[in-house]
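Could you slot chain B onto chain A? The hints should help.
Chains as they are written, first to last, in our numbering: chain A, 77 to 208; chain B, 980 to 1347.
Some hints here could point you the wrong way.
[Stated by the list, open to error] To give a feel for the contact side, a few chain A residues facing chain B, derived at Cβ under 7 Å:
#: 1; residue: G114
#: 2; residue: V117
#: 3; residue: E138
#: 4; residue: K141
These are calculated hints, taken from the structure and not from any lab test. All values derive from a computational prediction rather than experimental measurement. Here a beta-carbon is modelled for each residue, glycine too, at the ideal position from N, C-alpha and C.
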Amino acid sequence: MTYKVIDGLRYTKKHEWVRQEGGVAVVGLCDYAQDKLGEIVFVELPAVGAAVEAGKSVAVVESVKAVADLYSPLSGTVTEINEVLFDQPEIINRDPYGEGWVYKVGIADEAELDHLMDKAAYEEFIIKEEEE
Amino acid sequence: MSEAKKTPFYEKHLVLQGKMVDYSGWQLPVQYSKGLVEEVHVTRKKAAIFDVSHMGEFSVEGKDTEAFLQKMVTNDISKAANGAVVYSLVCYPDGGVVDDILIYKVNSESFFLVVNAANTDKDFDWFKENLTGEVKLKNLSPDYAQVALQGPKSEAILQQLTSEFLSGMKYYHFTKDVAVAGVNCLVSRTGYTGEDGFEIFCLNDDALKLWDAVWDAGRKKDLHPAGLGARDVLRLEAAMPLYGHELSKKITPLNAGLERFVALEKTVPFNGQEALKQQKQNGLEHRLYGLEMIERGVPREGYPVQAGGREIGWISSGSYSPTLDKFIAMALLQPQAAGSVNEVAVLIRNRPYRAKFTKLPFYRREKL
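One chain only, chain A, in its complex shape (with noise of 0.2 Å):
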């Protein structure tokens, strides 16, 4: 099984994506988690103006037969989130990396995005984390 992992995106090690644009950066859930997933039917998603704090837990996401936290990458403020969903989670699946994206949050600290995986990185760790 190969995932689609997109160059000039940073990851994280909860399978979370994000994308710099400007001071904003855009969360999302990479291809390997709505996969593992399944048909995603039900997000929580944080208020907008809500701080956020790296590594903490910030949106749910539940498919048929699981649920889901999505942690925060990143300190911040949320700016904008994909209201979408709430009507039509199962975008996530279709399109994880464009129209599934799930919220935004005003970037802080740019440092906190180097410690993210770039795409090679992430590549190697799902390549690990299939083999256990």
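Quick look at chain B alone, frame taken from chain A:
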């Protein structure tokens, strides 16, 4: 803990890209490549094949078999015809449930029992402990495979493989020694999905031949494989109980709303009879209800249910329902508290989500 067992179809699941999980000591697919939702739809609209070889099978034979079973099960099997399948609970003397089982009556001296995988050893010990009279009990589980073919096209698929006249087989009936693609099978018109369909038992050694034949016959009829995930959602939509959720050592058949399978007035005393009579007389502390979420949220097993800010019970099974496109749950609730409100709240991660009562089953197939 010993390694999870493989059914004869293990390699088939891998080829079909089944996502394998350990379930009740067996390696089984939770879903295949098309996903659980599609598997549910295909079962409702066309047909699906399920590996249910993990289920346990016993044979009970001998002169006193019927009397022995009457003592062990809650339903009254004395009126069952040869060739009938009877659903029943097996209870402890205190009314708690050992298991829910299917009883296949070959004749009054020969029965075939189908029990839950997780309970097979426990059930066998329980039956053995209680054995009376001239009765021979045998655990056939290690030797038998089982395939469930479920969905409206099941009959058309299976009929291609046997000369047995399937339209003549009524719901909850079976025939022994049916040749299906040349394999000796026991075929029953039963299932755990709420659809028409068949459950087919054969020896492990013949199992692959049976699977391949059903698979080939089903190809033109859009047959899909379906996994444990779809099976659980299908049975929930049909409001069929699952041991460990709606039934347990602590949850009686009356709690689970299964009184129609409990012959309280059976003339032969059975395990649990007195306790269940007593429970009925005293009133039930919890009873099974159907819930449908008003606010979007996934109700899951164990989540507390509140009425007017007070906890009145818990979710026993809950899920997104692909067939209804709703979030549904069965819940064990205090009847008085539940009866006095129109709405309840399901606590999901400590936040209340509104839900309303709905009649069980959530889904009922249209009978032709």
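Original post:
Which hint numbers doesn't this structure obey?
Top reply: none
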